[in-house]
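Residue numbers (my numbering), protein chains in the order written: chain S, 1 to 287; chain P, 1 to 310.
Source of the hints: derived by calculation from the structure; they are not laboratory data.
One should not assume that every hint holds.
As the list claims (entries may be wrong) - Within a straight-line C-alpha distance of at most 25 Å, the following computed BS3-like cross-link-like pairs (lysine-lysine) qualify:
1. P/126 - P/74
2. P/119 - S/137
3. S/137 - P/2
4. S/70 - P/87
5. P/2 - S/7
6. P/126 - S/143
7. S/70 - S/149
8. S/119 - P/126
9. P/279 - S/10
10. S/143 - P/300
11. P/74 - S/137
12. S/7 - P/261
13. S/119 - S/137
14. P/66 - S/3
15. S/73 - P/126
16. P/66 - S/143
17. P/126 - S/137
18. P/2 - S/10
Just so we're clear, the structure is a prediction, and the values are computed from it rather than from any experiment.
Residue strings, one per chain:
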Amino acid sequence: MTKRQDKRIKIIGWLLFFLAIGFFCLQMGYLFIHQRFQVEYIDDRIFYMINIICVLCLSLGILFLLTLTKKWKLAVASIVILFIIMNGVLLVIGNSKIKNVTSISPDFKHVLAIKQNTKTGEAVYYRNYYGILALPKETLPYKTDGEFKVEWLANDVAVVTYKATDKTIHQFIGTYGDRGGGLSYYYVGAEIQGAWKSEDIELISSPDGISVTQNGQTETFDWDQIVQFGTLAIVLTENNQAKWTISLNEDFTIDSSSATSPSGGISVYRATMDENKPFVLTYDGAN
Amino acid sequence: MKKIILIIASVIMFGSIISIIIYLQYPKGSSLQTNFEEQQDKSPEAEKLQPIYDDDHTVGYSLQNKELNITFDKGKTWQYVPIEIDKLFAGEYNGNKQELIKNSYILSENRVAFLYMEKTNEYENKVVLTYSHDQGKTWKDAIVTDRYPMIRFRKVAFLTEEFGYVIISGDRVVAQEASNVYITFDGGENWKETNQSGVTRLISDGGFIDEQTGFLSYGTINPDEPELYVTQDGGNIWTQAFINVPENYHEIFVTAEIPFKEEAHLVLLVNQGPNGDYKGGKVKGKFISKDNGKTWEFSKEIEVDDQEAG
């Protein structure tokens, strides 16, 4: 090995070694803030994954930095493998007790996280902070059977469709942030007043409520059956079950103070556990 | 050097194993609520109640043993309040649950009232005021509103036997939310919503000084100037008050408090917000209005005591 190669290996060794120290400090910091502020990793599995990465960096760092005898190399390898197996097993066991559902937004800026206690069926929606940390925001009102479907209707709107233990279907919407410029849409139903259309589906929002027509069948929802989430989306409900979610797309704009028509589109997404895609509708004039 | 590397590596390995043991002890996937309940479970059953008092020391309350009790005689006898404790803290509230949320209740000899949120179905909540006029012997529930999103700010107050107001906000998304004002003219039995101010910034406080004149103050996250709305007709029309902050106090006095009457005019204190450090954060700006709250002129700096500051 040339002197130059040797130097390069040493630099990599130090880098890995310091990375390992960094990961270790991160874990210690995490334990502290978890204890103090109930902050959790957005996915419980992250804890074990960081442990594994930390030990891999540490062992490789040592191998690059120190000249070890065969016996020592074997010892280090055994410890590392044992440690990785232990973390892997704990990760799987942990996830069977608390099911983690995480989904990253299309622009990688937000993470939707739900943790479900598989024994009680209780699921808690988490809001993420600083990327990988999260705080519990609210408990989903129905106990679930563990099946969740997440669809991002926009970069800042995620719809979670889930089945309750009584087989009813519900939708929960995570909305993330405002859309900048101080622009806000408070009453989504009122903002989308008028007729909206795509090839497959029509929607009319009127002072009496919202009607959705698909394949010639019209479902009508009074305002009493319409529930808003955040400032960007509403859920249309019937018999206490979700039927449709409507959200404002990122290109949606309306000037509340003038009578001009809205521009941009809205997304309409049916509440079903089957695989389905949202429909994108455009404004088709006042109804 | 070899020795140091090996010592550090051992510390990391050993520390990691300990951290796994600690991590396994933590309850995971649980809400703050569950953690809170677990903490409560550790306390001995039916412990002796210790009254918590507001400033006036007349009526005390206790949240011990997972129930709300009130006392009018310094803890000798207690009246049970028929509200589940969780409901009193429901909504967006991350503060201490050992004491009631400030302004969400009234405790006086003649009136005891608690404002809280109750889930009606998956998507909706109602806001309820449970009150008693006979020191807790009988209770009544008044629905302030039966459709409301997740509540954040909450305040209830009565100015007379009959007239009172509730100010709530909810559905917060970062720095935007809805805020609503409800008033009663029959001692809290029936509530009517006033018109809205149309502002979607986060509300910091609100209140009425008589049946016609009310105020809403906005801006809790890094405000840079006070934003105060005033009504002079019982909530029909809300207009933004003009607060003439002298140039040298710009971005110093940033959050308006609720005005009060003083002699023939109204007084408004404007504080430095959560991050103010002008003169140690211990002074507020005093402003005077001679037109019942529409325009405010700076009068002087006033000192606040340490408890109030910060």
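Hint by hint, here is what the structure shows:
no.	hint	result
1	P/126 - P/74	violated (33 Å)
2	P/119 - S/137	holds (15 Å)
3	S/137 - P/2	violated (48 Å)
4	S/70 - P/87	violated (64 Å)
5	P/2 - S/7	holds (16 Å)
6	P/126 - S/143	holds (21 Å)
7	S/70 - S/149	violated (51 Å)
8	S/119 - P/126	violated (30 Å)
9	P/279 - S/10	violated (54 Å)
10	S/143 - P/300	violated (57 Å)
11	P/74 - S/137	violated (37 Å)
12	S/7 - P/261	violated (78 Å)
13	S/119 - S/137	holds (20 Å)
14	P/66 - S/3	violated (71 Å)
15	S/73 - P/126	violated (66 Å)
16	P/66 - S/143	holds (24 Å)
17	P/126 - S/137	holds (19 Å)
18	P/2 - S/10	holds (13 Å)
When held up to the earlier numbered hints, the structure conflicts with 1, 3, 4, 7, 8, 9, 10, 11, 12, 14, 15 and fits the remainder.
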